[in-house]
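Engineer: The chain contents come next:
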Amino acid sequence: MIQFRNDFYADIRIEDRETTRISYKAGGLEEMKNRAEKQAFLRVYDGKLWYYASTTNVEHVQETLDGLYAAATPNPAILVDPIVRRFEKNRDSLLQFKDCSVRDISLEKKQELLLSYLPLLKEEECIKLPQGNYLDRSSLFTFLSSLGADIQYDYQTCGLAFGFDMAEGEKKFSGSWQKGGPRFEDIAGLEAEIRGSVQEQADFLRQSVPVEPGKYPVVLSPEAAGVFAHESFGHKSEADLMISDETMQEEWQLGKTVGSPILSIAEWGDVPGSGYVPYDDEGTKARKNYLIKDGKLAGRLHSAMTAAALEEEVTGNARAVSCDFEPIVRMTTTYIEGGELSFEELIAPIKKGYFIKTISHGSGMSTFTIAPSVAYEILEGKLGRPVQISVISGSVFETLSLIDGLSREVEFLSFVTGGCGKMEQYPLPVGFGGPYVRVSEMNVQ
Amino acid sequence: MEKEFIKDIEKSVTLNVTAGKIDSFRQIEKTRGTVRVYENGFVGVAGCLGEPDEAALTEKAKKALAFQIPYPEKLEGALEKEEIHEEEIIPVPEFVSRMQAFLDKLGERCPNFAFSNKIRLTHKRTEYRNSKGRRLVSGEKRFSLELIVQSRGSGNTFDTGLGWQGNHFDEEALLEQFGKEYDAFYQPAELPAGRLPVVMDPIYLLGRTLQLFVGDLYVAGASLLSGKLGEQVFSDKLTVKDDLHPATAGACFFDAEGCVAADYRPALVEKGVLKGLLTNKKTAEQYGLPNLGTADASYDGVPDLGFHGLYLDPTAKSLKELVPGQAVYVVLSEGGNATPEGHFAAPVQMAYLLEDGELKGRLPQISISGDFFDMLGQDYLGTVRDEPLEGGSLSAFMMQVEPV
Numbered sequence: 137m138i139q140f141r142n143d144f145y146a147d148i149r150i151e152d153r154e155t156t157r158i159s160y161k162a163g164g165l166e167e168m169k170n171r172a173e174k175q176a177f178l179r180v181y182d183g184k185l186w187y188y189a190s191t192t193n194v195e196h197v198q199e200t201l202d203g204l205y206a207a208a209t210p211n212p213a214i215l216v217d218p219i220v221r222r223f224e225k226n227r228d229s230l231l232q233f234k235d236c237s238v239r240d241i242s243l244e245k246k247q248e249l250l251l252s253y254l255p256l257l258k259e260e261e262c263i264k265l266p267q268g269n270y271l272d273r274s275s276l277f278t279f280l281s282s283l284g285a286d287i288q289y290d291y292q293t294c295g296l297a298f299g300f301d302m303a304e305g306e307k308k309f310s311g312s313w314q315k316g317g318p319r320f321e322d323i324a325g326l327e328a329e330i331r332g333s334v335q336e337q338a339d340f341l342r343q344s345v346p347v348e349p350g351k352y353p354v355v356l357s358p359e360a361a362g363v364f365a366h367e368s369f370g371h372k373s374e375a376d377l378m379i380s381d382e383t384m385q386e387e388w389q390l391g392k393t394v395g396s397p398i399l400s401i402a403e404w405g406d407v408p409g410s411g412y413v414p415y416d417d418e419g420t421k422a423r424k425n426y427l428i429k430d431g432k433l434a435g436r437l438h439s440a441m442t443a444a445a446l447e448e449e450v451t452g453n454a455r456a457v458s459c460d461f462e463p464i465v466r467m468t469t470t471y472i473e474g475g476e477l478s479f480e481e482l483i484a485p486i487k488k489g490y491f492i493k494t495i496s497h498g499s500g501m502s503t504f505t506i507a508p509s510v511a512y513e514i515l516e517g518k519l520g521r522p523v524q525i526s527v528i529s530g531s532v533f534e535t536l537s538l539i540d541g542l543s544r545e546v547e548f549l550s551f552v553t554g555g556c557g558k559m560e561q562y563p564l565p566v567g568f569g570g571p572y573v574r575v576s577e578m579n580v581q
Numbered sequence: 230m231e232k233e234f235i236k237d238i239e240k241s242v243t244l245n246v247t248a249g250k251i252d253s254f255r256q257i258e259k260t261r262g263t264v265r266v267y268e269n270g271f272v273g274v275a276g277c278l279g280e281p282d283e284a285a286l287t288e289k290a291k292k293a294l295a296f297q298i299p300y301p302e303k304l305e306g307a308l309e310k311e312e313i314h315e316e317e318i319i320p321v322p323e324f325v326s327r328m329q330a331f332l333d334k335l336g337e338r339c340p341n342f343a344f345s346n347k348i349r350l351t352h353k354r355t356e357y358r359n360s361k362g363r364r365l366v367s368g369e370k371r372f373s374l375e376l377i378v379q380s381r382g383s384g385n386t387f388d389t390g391l392g393w394q395g396n397h398f399d400e401e402a403l404l405e406q407f408g409k410e411y412d413a414f415y416q417p418a419e420l421p422a423g424r425l426p427v428v429m430d431p432i433y434l435l436g437r438t439l440q441l442f443v444g445d446l447y448v449a450g451a452s453l454l455s456g457k458l459g460e461q462v463f464s465d466k467l468t469v470k471d472d473l474h475p476a477t478a479g480a481c482f483f484d485a486e487g488c489v490a491a492d493y494r495p496a497l498v499e500k501g502v503l504k505g506l507l508t509n510k511k512t513a514e515q516y517g518l519p520n521l522g523t524a525d526a527s528y529d530g531v532p533d534l535g536f537h538g539l540y541l542d543p544t545a546k547s548l549k550e551l552v553p554g555q556a557v558y559v560v561l562s563e564g565g566n567a568t569p570e571g572h573f574a575a576p577v578q579m580a581y582l583l584e585d586g587e588l589k590g591r592l593p594q595i596s597i598s599g600d601f602f603d604m605l606g607q608d609y610l611g612t613v614r615d616e617p618l619e620g621g622s623l624s625a626f627m628m629q630v631e632p633v
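Respectively, the protein sequence lines represent chains F and Y. Add 136 to the 1-based position in the first sequence for the numbering used here, that's all there is to it. Add 229 to the 1-based position in the second sequence for the numbering used here, that's all there is to it.
Note that these hints are calculated values from the structure, not bench results.
Dumping the calculated SDA-like pairs for lysine to any residue here, alpha-carbon to alpha-carbon at most 20 Å:
1) F/Lys161 with Y/Gln515
2) F/Lys161 with Y/Leu518
3) F/Lys245 with F/Ala324
4) F/Lys245 with Y/Gln297
5) Y/Lys303 with Y/Leu534
6) F/Lys184 with Y/Ser326
7) Y/Lys500 with Y/Ile432
8) Y/Lys353 with Y/Glu280
9) F/Lys264 with Y/Gln440
10) F/Lys264 with Y/Leu518
11) F/Lys234 with F/Asp406
12) Y/Lys549 with Y/Leu618
13) F/Lys558 with Y/Lys347
The model shown is predicted, which means the values in this text are computed figures rather than measured ones.
With the rest of the complex left out, here is chain Y (with noise of 0.2 Å):
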């Protein structure tokens, strides 16, 4: 019988805003406990809320065995590893201080704006263990603000919103962006309709079509993907990863299975060709796929598919470089969907008008739309890190812009 046992440590201390003044400081400690044993081709799961006893969860785990859920014994094998970074951002007694200052000084510089929602500090500790002598601990720290901003007298009850998230607080540059794109958004920009180069998070994209990287839907035939593995389906300059390394925030260096990617981002598309499908152990060697090591699962549950973040490789230097002359740049867009066809369309809540890199102004509610394999190929024009913030990403996609 081959074993894991998996346990998760969540401490996080979270402030509410109301009107840009904290009123409620909430302190969590969670921590969860997992067993999986195999044996004969199934597996058996256990799972508990609270310091885990492992022998107790062990002879749970053995019990649901009988349940004969099929599940291959191909543990990972003996690897030691630590990724720990957790050093301190914020004092917690400092805390409420602390951002009670900034947000007054945000407050200052940003005055038509009112403020609300969360911030937060987080620590968390995982650790894997299996029988083949695997050993695998990531802990990590991380402050994350989330911010809902209404203008003044909009009427709205949510026009725009400011976050970031990362292992420092760096007020001076989140005030710098925070204060530039206050600026623009009492700007007016007009921008003709038509195609056009749009600026956004990748993940309002790739998050609504990541079904058809599914690994079973592949071999079923039901991915517009399918057959396509090893062909250069996208263009040259597409790289798309899950993002597990430990240097970006939230993120744990290993998935629920314990895989480790060699440089801690598998990949589904490398320049352009399709080299990855999500997998867990078991559609892997059902469908006879290579596993890509994304695997999710709850903490009493059977690994599942997951996908962790979102990572495309940086082509550009710059924003400017990335989007020379006018380009949208897509803040907020809710609400997007994708045909079974691949026609993908979304209305935009948020946008500002680039200029070679700068946020000119802000503009009128619109609507973008184009085809999936366009987007990511002959339209896709490439990727930039760290804007508008360190850590963050944005690609640009040449798309159809309509005034809604």
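Bound conformation, chain F alone (with noise of 0.2 Å):
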């Protein structure tokens, strides 16, 4: 039982985590284990500052958090001090992989699972390194506070992440492909997918050509889309960068348009997969949150400390991408709400431009970028070759403005490598996800 003390704000994160990795590279065994790790992060506030400390010794996590109390100073006005006003006192537990852990398959069958796809690397010639990756984490997450906040909930994550690097004279492509979902069986009967995804890239391989520069419209696939709202909107939205310049709140007035009015973007930490946060690292309830509702700046993400420095709520966005660090301003899934076309109809009145498919990687300042992986031609409204480009990238605001057309199909995407990252903290597991969205330029190089 842990003993808090008055005159000061305290609380305790525990994560329970265990994760499997198992690595084949080039039908050879690179990597196979399971990693089980317990640690706390404990935060003592003042009202002045706060002191923060991680330990493994979870046992003894009360030494730690006397520790910290002994470098603070009591404030017996600490319960009215605008950041503890808005922690929120959440007592609930939430545990909904209890009877489907990834803890209770044993490594073997992971294996069997891994194994059963790895042929369908081989079934191109053009691939000459084929690796495949088994990957889960399964965490059962504590939080307690010593405003009497006690919640438990539990995160997992399994999926598969193949790399294939394809060559064929002097053309060369790496090539990949990856799933990841809540639950084992989410991972099953890919084979019909994979393979068609093997096959693209190999065709994308032997036909796609460079891409002529220049600014050109261009139609982005739901996970382009998804991590275009990440990084160009969702970035922006952290209101941890917002609180530094005072001016900032003036340029960010809730109600301004930023965007086209079809574009409504949204954040929520309830959403099934990789972005999955029901409470936040500050014991807050997740919510759906707008960030842009009709091209209208409607909010913006918070923690408690960013929330009482704006005077607004909490958002459940505080998030550490482990015990190793405290809590700050992190997206949850980010995704672009649907329109009314089909993705046909958003292609047909467009004379030449471009369709990004997969992208390798992508960020958002006040220029955005986005490095394709598989793009494809648009001429006279209809997909055509293959072409490479480097990057698309674009102003956020002048981009948000030139969407000019959404599909009523909307996808959420969840990957098991790779993350967000924000500064020291990475890789923090994010959800994204959107419509196919048609932007009337872009510059494409």
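Starting from the two chains in their separate frames, assemble the complex, guided by the hints.
Structural biologist: Below is the structure:
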């Protein structure tokens, strides 16, 4: 039983995390491990300074907490501190994966599943270096605070990630495919999907031509649109970068027009997948937050600290990548809401443009960049040849205002490798998605 | 059976800065232990967080041999070596007050900049031992400053960054350089588009193309460099190394398999000749390649390919000597990428105009592009060390520069 002291705010976050990694390269076993870690992160706040500590000695967390108390200064008014007043006092136990935990599946069964897919990477002769990975993570989070919060919830992802470097003569291409899901059965029976993707990327190797750089209409796939939403506007909505400059609040007034009237971007930790965060790392319950609604600035993402600084409310976005770090403002699952068109209707009016199907990475500040992997030209309203594009980029606000078409179909994506990076904390699992999105002009290189 | 034991202790004190004020103090000590055992061509690995119990880890690693992960039993031979550089930089009890005083001075010098992010002291010690009699110990302390800058009133969440890391804290040098950048930031500059000398941290280019040096890809014929080992591929001014030199902030002088390069900097490219590829002992043996000695490994993992820090041999003594006249100095370029054919393009979020090595003004947003082989060949102008601050490195390339 943790003994919290009066005249301070304190909280303790404990994560019991188990991960599995099985890797094959060129048919040989490279790695097979199951890692179990239990760690705690503690915070004490005295109204002036936050004191943080991390420990793997979870059984003696009280000693670590007492050490932080000793460094801080008692504050009898701590309960009326604007940050402390925003902390929620939730008490809940939300264990969704108790009966389907990947911890209960043997390493051998996981290995068998991975091995069943590897022959698919040998079907194309141009694949020179096939690599296959099975990855999973099962976490049990406990959150306790001096205000009485007492939360337990679990989190789970598992998935497959394949890489296949291809070469045919002078042509080279780094192919990849991956899929994640919360349950082991989500990644069974994927042969047709993997085979189709491998064939498409082999065709890309053989047939793709360099792009003619310039400004063109571009259609983004749900994967590219999700990354675009995350990079272009999600990071801009993280309020911790708004509180250092007092003029930012005027620049970012809610209700301001920031994009096309058909555009709505939402953020929600309750969406199943890699960005599932039912309670954030300050104990705040997830809620659906619109960042942009019908083209207007509708909200931003907060921790208690940033919500207090901007006199707004918490949003459930205080997250830490692990118990080595304090929670900061991060995204969960960010997505663009769907529109009214089919994919065919989206591309129909384009005389010459590009369709970005898959991407390798993206980043964003005042300008954003997406590095496409597989892309196609659009000619006279139809998909044409595959094209090699290094980057598509543009000013965030200009591009948001140039969105002029959205598909009805909306897709959410979950990944098991990589994640979102922000300052020292990487990789944080996030989810993203959206419809097919048409932008009337983007810079293509 | 052969065996390796690794223990790693990292202590850090991190201050968070919001609006130029320190608002948190984080102190962390993390110990990790690793045992790897090798028998009959297989490796078994066990790792732990916290003080390692070597006997228990060894037993666990032996059990992991049952997974039958192939790995050669080719441990490095006997060698005793320590590189301990643990001189105190700032006493921890003084850290908050000294850094707040520095931030206050920086705020006075740069009144239109709003600062946030981290300042950190790190102390890292790594010990490697193996059953062949090798024992290596690396110890280092470093100070790092990573400030995000917003120009007040810009409406941007991130306008530029100010940073430095090294084994001391030289307040005057930092204030002087950051002051120069501040002055140039508010001085608009124009530059005609076209091919221009571009000065930048070479990681912006090589970070996106390092995969071309991966040994497996090279042998598989899937790298643009395949078949060129030992050949003159790039400019004879270009030497590219992995920086494990103990004098470099954050460096450990040996790799995850206890390899120590003669000058602590194993070379990928020497005077334009492709000399090395990214390997570990397994891929080196598998493909008959020389082992570069830059392997990396997680505390509970099999050794993997690694690269620690980019080092390009200097070719000029000063920025003015490197790029006389006008040049573009890229401070921040996130999101660059290279096509499979080697065409590199990157947006530049923050750049200054240089004239005879001096900052003249801030350029509008631009994009830069070029061909990988040209940029490291005929378009490579050279590298200068200790610019813009001690320990830093800038390389220059002729590139296509376009306004965004």
